[in-house]
Structure formats: structure tokens, C-alpha cells
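The listed protein sequences correspond, in order, to chains X and D.
Everything in the first sequence is counted per our numbering, starting at 6 for the first residue and increasing by one.
Everything in the second sequence is counted per our numbering, starting at -15 for the first residue and increasing by one.
None of these hints come from the bench; they were simulated from the model.
A virtual CB, placed ideally from N, CA and C, is assigned to each residue, including glycine.
Hints are supplied without guarantee of correctness; some may be wrong.
As the list claims (entries may be wrong) - The calculated label-pair distances, taken between Cβ atoms and stated as ranges, are:
| no. | chain 1 | residue 1 | chain 2 | residue 2 | range |
| --- | --- | --- | --- | --- | --- |
| 1 | X | Leu7 | D | Leu257 | 25 to 31 Å |
| 2 | X | Ala26 | D | Arg15 | 48 to 54 Å |
| 3 | X | Lys134 | D | Phe59 | 55 to 61 Å |
| 4 | X | Leu88 | D | Glu53 | 25 to 31 Å |
The residues making up each chain are set out below.
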Amino acid sequence: MLQFIKYRKIWYIFSGLLVLASIISLFVYKLNFGIDFTGGSVLEVKGIIRELPEDIKFNIQKTPSGVILKFKPVDEETHQRILEKIHAEEVRFESIGPVVGQELKQKTFWAIGIVLVLIILYITWAFRKVENPFKYGLFAVIALGHDVLITIGVFSFFRLEIDTAFVAAVLTVLGYSVNDTIVVFDRIRENLIKTKKGDFVEVVNQSVNQTLKRSLFTGLGTLFVLLAIFFCGGPTLKNFALALIIGIIFGTYSSIFIASPLLTTFNKSGRLK
Amino acid sequence: MTLSRNKTYFFLILILVIAVGAGVFDWQPERPFRLGLDLQGGTHLIYQADLSQTKDKSQAMQGIRDVIERRVNLFGVAEPVVQVSGKNKLIVELAGIKDVRQAIAMIGETPSLDFREEIEITDEQGNQQIGFQMTSLTGQQLKSSSLEFDPTSYQPLVNLEFNDQGKKIFADLTQKNTGKRLAIFLDNMPISIPVVREPILDGKAVISGDFTLEAAKQLAQRLNAGALPVPITLISEQTIGASLGRDSLEKSLKAGVIGLALVAIFMIVFYGLPGIFAVLALAIYGILTLAIIKLIPITLTLAGIAGFILSLGIAIDANVLIFERLKEEKRLEDAFRRAWPAICDGNVSTLLTCLILYGFTTSLVKGFALTLGIGVILSMFSGIIITRLLLETYASIHKIS
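With these hints in hand, go ahead and build the complete structure from the sequences.
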């Protein structure tokens, strides 16, 4: 049997450092919000552009088939004027006012908050037959907070764009990570009911071992699918898939190395009655 | 509970028949999937209404929605979406539209029609001049307008019919101005200045300007569509070209096929025979999910397809949980029973997330949440019922428990 709980301090330090690094990165590099959040325009065209209007500042990015231009939010009239000047085939155009972005930020904030609260409530209810069910909910949420923070940290550090799809990915990681943690907790619950006497740490360690293969297999299976989306799903889904890949790797890791050990750290008696 | 052998066969055959039916339904090219803007190209517009002068705000928003819906229906795109979002926003989605610029122009414009009577005005030099003065009769009192042709000259005409209030005002106006001219102004430009020959009491009028057929048709349509109750501004525009949409669709489908193949290989390599059953169950799951997406119908967006592909990965979870249990428990029945709480709790938490995603975020994310949610529910069905039926059938053939 592998000893996961015995070395829990190592995992805590490792995760603590990663979370700290993510928080520092958030302060130093901040987040590279896409126009969904900040407002602005994106114009993707095929072929070469002839010329650009001089009164607007453009940020130009090359693509295999043409260019992507980024600039301030404009009205339809200006959009047509730019198109006329650059004289190339339009592939995609988005212009989002700052108001819309503000609203999206608020909505995202609420969505994540409500998901977290619901998960704590649900786990507390699902584990109502165990001692201190609230603890299970809380640790599951700490574990997934860890997963989400690291995912956001990686995006911050590499200056990857935060858009609506990223938000969807993060929320999915929340759901996935808690799913993963619940499977382990569920085993602990079952073993606790079966084992009347014994060491709590041992029960937890045994449960983690019993669910280890399942955690790895499901994680791997999902990763395969995500890798397929990442490599073949086209440029629009790349960041989305990447966020999910990072989140799911850490989600699998945290349910084994963080959530379950935390249960033993905060179990005062350490013995079952 | 173990089903009797006959019942097992019966349910298995039933599910296979349903799966084949669903597969045929999925395949039918004459009933295509409903694709979102990002996959077929189109434009997504968000308008903000200025409600500062309005008392009944929700009624004003409904009014705007109705007017814009009528205008949008003139574009002839399939299933346009016009919906109120929040307190003062309106979302318009036009899939597959060719000329976005014209569409935006037509949505945003406010045609103002009014009738003006002839008056004499004296200018600064003391000269008598003819001018036109606004009356209380405007496009607001219009009931309908239609295109017609003059029976003798074959010139296109625009017919107007007023509502009860307009009928009365029009009757008064024509009585007062018999023999004089009554001008019809559109967007502050006179388009027709007919002479009133006799009072018109039935509330019907004809505009016979110097129209081309196209202009007359457009005017009738615009008058029918009516004026916006409050001004609106376009605050967000997202336009995706048809070629980019097609490209995204092809790539995401490819990703789905590759993802499914990888998961299948993985399951068969690690679990052998039960793995093959799981892959079969997964295939049935995929077919059924697609059939439901088509049946409801759910608009498939890029994010929606991603949600579906992701659910393929999550769908194996139930199988993995059961197969791992199978190694510990001696009986098939026990393995399923013991694996159930974990499957249920895990899926409920994912479903909660989907629910929040669906309720709180933009339409692109909605598609993702919806397909992922349906995927999760069906994957429980596939993992627990289909795999179990397959395993039981296998067990009963080989006389093992």
C-alpha cells in the first residue's frame, strides 16, 4: 500500500508553493483579459491588408492565413471604414462595449461563488451520516480552490488570454475536481462505516489506495479527449482545452494529495470510536 | 436485484433497437443539426436601450423586442433570435446572414412617418409662402400598410390603414383641408404631397410618390415594422464568417472522433473484455446524446461540441468505477450497488455546475453547459444500465456470476 498520508507535509508544501507562486503571478503579471471582459474590437482577415486608417491604434498579430487586428470598440460605420481601407476578406469581427465586459465579470464572479457554496452544501448533505459532514465539503472546496488558483496562475504567468471560454473551463474544472474528490471521500465514508475500530489515518490511506486506479484512469481518459481537442480542435478551442488540461491534472492530484490528507490533519482524536 | 435472463435479453435488444433508430435519426442529412453562429457563420448583436425617459421599462423592452423582431424577420435568415437580456439589453442573433452592414442599418433605423398640413407663413421679408405644419397624425396611428399597383398606370402605391384614433384624426384633417394639400413626410422628407379632393372617413390613404417597385416595397415593410418606442445603441457585435465556421465545425468533429478513438483504445487495453463492453456502451451513449441534441433541438456551438467531447471522457468514469469494484466484489450486482453512491454524488456535483453555467453566462457558455449536462445524465444511464446489461448477457452466456 502506498503511504499518501504519511508524507502529507511534503504535498502541503508543494501545493502551498504552487498556490503562492500563482498568487504572486496574479499580482505581478495580472491577468490578460480578452475583449469579452475589457471591451474592444477584434478583426480577423484573410490575405494581406492594404492600408490602415491612421486615427485608430491597431495591435497587429499574424496568422497563417492573414492577420488579426485588435483595437478599441467601434461602431458599425467605423468597422466598414476600416474594412474598406484594408481591403481584405473578413473572417471574423467582434466589437464589445465596456459595459458588456463589466457585466460578464460580475456574472463570472457570482457563478463561481454560487457553485462553491452549492458544492459545500451538497457534500455536507451527502455526507450527513459521517461525523462533521461540513468538514468534507470544506476540504473538497479547498482542494478545488487550489486547482482553480493554479490554473489561473499558469494563465497569468504565460500571459494567456482570459475569455468567456476560459470561464467555462474553470467552472468545469470546479465540477470535475469536486467529482474526483467525492469519489475518494465516498470510499472513506464507506470504510468508516465498515471499520468500527482503528486508526482514522489508516482508513483514509486505505481509501485513497483503493480509489487510486480509478482516479488515474478517469483522469487519463479525460486528458486524452482534451488533448484531442487541444491539438485538432482549431485555434478557438486551444486555450479552453489548455485550461481544462491543467485543471484536471491538478484536480486529480489534489483529491489524492490534498483533500484526503487534510481530513486527517484536522481530525483531533485520530482514532475511531 | 438481478434481472432474469429473458428480461436481460429483452432490455438489451430494446436498447440496441433504440440506438439504431437514434443512429439513423442522427445521420439523416435532410434534418441537419441546428448550428450556432460560430459554426455556420453569422452575427451576434447586443443593443442597449435608453430607458431614462420611460416609466414602464419592461413594457418598453417588450415593445422594442416586437418591433425589432418584425424588422429582423424581413431579412429572411433562418430562425433569427431576438431576446431581452437583463433590464435594458436586447440580443439579436442572425445566423448565416450575408450583409451584416445592411442588417445593422435596418435594425437600428427609426422610420418616422407623419402627415403635415399646408399653412401660409410670412417670412422676414414679408413675403407670403406656403409651408407645412406638423399634425398629430403620425406613423404611431398606423394599423398596417401594404404594396399595391395603380390599376391604370401600373405605378407602385403604398396603402395605409389607420387605427381608430388615426381614422378620426385623418377624417378631421381631410375635412379641414379639402381642396388643399396634405403632405406625407418620411424621416422629415416629403415623399408625397397629394391634394385632398374630399374628406376621407374610412381611415384609408394611399401614398403615390415617384416610387420604384423596390422602394415602395421597402417603405411598406418599414412602416409595418413600426417605430422603436425608445432609442437603442449597438454596444456589441460579433460576426463570424461562414468559412471560419465551417473550419471550426470540421476541426471540432475531427477532435471528437480522435478523442473517442483514444478513449476506446485506452479502455480496451486496460480492461480487456469489459473494456470492449464499455466502449460499446460509450458508442450507444454518443449516438443517443446526438439524437437528443437534434430532437430538442439544441443549438450546437463550438463550446457545445467541446462539452459533448468532454462528456465522453467523463462518461468512462462510471465504467471505471464499476470495473474497479468488479475486481473487489465477487458478484456483478454488488459491484454496481457499491459503485453507485460515488457515481451519483460525483455526477450531481457536475450537474450543479452545469446548472449555474447555464443560468449565469452568455449564450456560448450556455451551449457548453447544456450539452455537458445532457451528456452527464446520459452517461450515468450508459455506464450503469447499458454496460450492466452487456455484462449480464455475457455472464449468462458463459454461466458465470
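Run the structure past the numbered hints and jot down the numbers of the failing ones, going up.
none
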